[in-house]
Amino acid sequence: MMVNTTEKGGVVLMEIREERLDAHNSGDLKAQMLNLFEEGKINLLINLKDVRFVDSSGLGALVSGYKNASARNGNLKLCGLQSQVKSMFELTRLHRVFEIFPGTEEALASF
Amino acid sequence: MMVNTTEKGGVVLMEIREERLDAHNSGDLKAQMLNLFEEGKINLLINLKDVRFVDSSGLGALVSGYKNASARNGNLKLCGLQSQVKSMFELTRLHRVFEIFPGTEEALASF
Amino acid sequence: MNEHIEVDIKVPNQTRYLSLIGKIGEDIARTLKMYKGNREELAYQINLVLTEATTNAIRHASAESPSPHVHITISIQEQTLRIRVFDEGQGFDISNLPAPAPQSLDEHGRGVYLIRSIMDRVTYRQLDGGHVLEMEKTLG
Amino acid sequence: MNEHIEVDIKVPNQTRYLSLIGKIGEDIARTLKMYKGNREELAYQINLVLTEATTNAIRHASAESPSPHVHITISIQEQTLRIRVFDEGQGFDISNLPAPAPQSLDEHGRGVYLIRSIMDRVTYRQLDGGHVLEMEKTLG
Ligand SMILES: Nc1ncnc2c1ncn2[C@@H]1O[C@H](COP(=O)(O)OP(=O)(O)O)[C@@H](O)[C@H]1O
Ligand SMILES: Nc1ncnc2c1ncn2[C@@H]1O[C@H](COP(=O)(O)OP(=O)(O)O)[C@@H](O)[C@H]1O
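From first to last, the protein sequence lines are chains A, B, C and D.
Residue numbering for the first sequence follows my numbering, starting at 82 and increasing by one per position.
Residue numbering for the second sequence follows my numbering, starting at 82 and increasing by one per position.
Residue numbering for the third sequence follows my numbering, starting at 8 and increasing by one per position.
Residue numbering for the fourth sequence follows my numbering, starting at 8 and increasing by one per position.
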């Protein structure tokens, strides 16, 4: 899976450069997040602006990252959700779990 | 079929606002061109920039317009062809029939 | 007018084909003549239920044949969208699945829940040599 | 690895479904694992031959049944792309079609020519109750 990873003031910004986040590539996203946690990063911001479609495996990968970040007293937040993707979080009530921001700026400022 | 029709110095510019020009909508394009000929217009420029796909019926509609314009001592020219659409004209040798321009400006200036 | 569409798909049972299956579902949603609702929302929903059900067929019900495939049918007839996903596995009891707890932090267990939220009728039945998950939605 | 895909489509025989059929062909082209050539070019070509052949089935071979349909199959197996378009009409003699004259200003008669330019093997055969145009291309 294509991810642009950059670090901004203690937060790792991961831009998912895929149209779909599904059972085919969500395992890879989980693995990339695990690598970051193992390097000692604890604050992740996932930018989903290019993602048109997320399935339950994609949500599962994000929940996994969220749990790992929280367990390390860090945080995993989301930004750039397209409206249909946002509906997926609402349908599964995960919008109550994740902090979700429109853009990167506000999200980064919130850490 | 969605077409933006505007007149610029004696030339009618028709911008095809469709992804596909095929047997489903090429009859409509032919009818719109016929209307213009009946109104006395004889110079048409067809801008295909939004068109990703043309089939043999689409080519046929353009040939029909070309013949009608020529019969009236006018012309029908094309511009804005995407590269795959351009290949269709080459495969059928119709690039030897039509005058094809990259952009509207050059095309309008050529009438 | 009776808009009858049938599409039958067989692909290797690998997750790389999920996007093809989902896209075909989206293409069908965008073509429907009689649908009055939000077409892009319907496209997402069909894409989603196809992706969830096919993922389950691949993950939980992989056949032991040398070149295992998944088989999916999508049909539209008289305002009914019907999707069938066939599997060759051991099956499961769909009526015994717990609904995910609200705000659950479980990584799994949202697939069938999503399918049920979107579709009007969902059944899982035994067939010769396997099972079929059948999902229907009335478009209208 | 043997990438075996089969898609079977039935739609009302109306030109409004051409874009669905063409898009499914494009989606398949974009998914192919083993194809080494230009994928977007292949997508256009599959879209085109599907569109041309289906248009002919709709235009020249409309069935007399009350709700006529067109039936199309697309398969990929061992580097062979095979498309079949079935019709229920009177048929025609494909070997007797004149090639369009270069720079012909005829509005018609380019469909089968385009199919032949793109595909490696093209046959038109009689079947029970109709005909099938079968087109194959070796993807290399
Ligand atoms: N086709 C299937 N064959 C066998 N078991 C299945 C099938 N589909 C679903 N299941 C079972 O139902 C459970 C719940 O499925 P689902 O809600 O999609 O969540 P997940 O797949 O993430 O666990 C699965 O964990 C699996 O045990
Ligand atoms: N499925 C078919 N059934 C009957 N006749 C056909 C069929 N396909 C093609 N034809 C005949 O072959 C001719 C050439 O077809 P084609 O090259 O696609 O050009 P066009 O359809 O524009 O005439 C058609 O005019 C028609 O007479």
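These aren't lab readings, by the way, just hints derived from the structure by calculation.
Heads up, the beta-carbon is just placed ideally off N, CA and C, and yes, glycines get one too.
Where hints are given, some of them may not hold.
[Said to hold, decoys possible] Over 10 Å on every C-beta distance to chain D, these chain C residues come out as not near it, computed from the model: (1) 10; (2) 19; (3) 31; (4) 47; (5) 66; (6) 86; (7) 87; (8) 95; (9) 101; (10) 116; (11) 132; (12) 138; (13) 143.
[Claimed, not checked] Quick list of simulated restraints, FRET-style, between CB atoms: (14) C:41 <-> D:97: 53 to 61 Å; (15) B:89 <-> D:97: 43 to 51 Å; (16) B:172 <-> A:112: 26 to 34 Å; (17) A:108 <-> C:99: 47 to 55 Å; (18) B:83 <-> C:143: 33 to 41 Å; (19) C:40 <-> A:192: 48 to 56 Å; (20) D:97 <-> C:105: 54 to 62 Å; (21) A:148 <-> B:181: 56 to 64 Å.
**Report entry** Hint numbers not upheld by this structure, sorted from lowest to highest
**Finding:** The structure breaks hints 1, 2, 3, 14, 16, 17; every other hint is satisfied.
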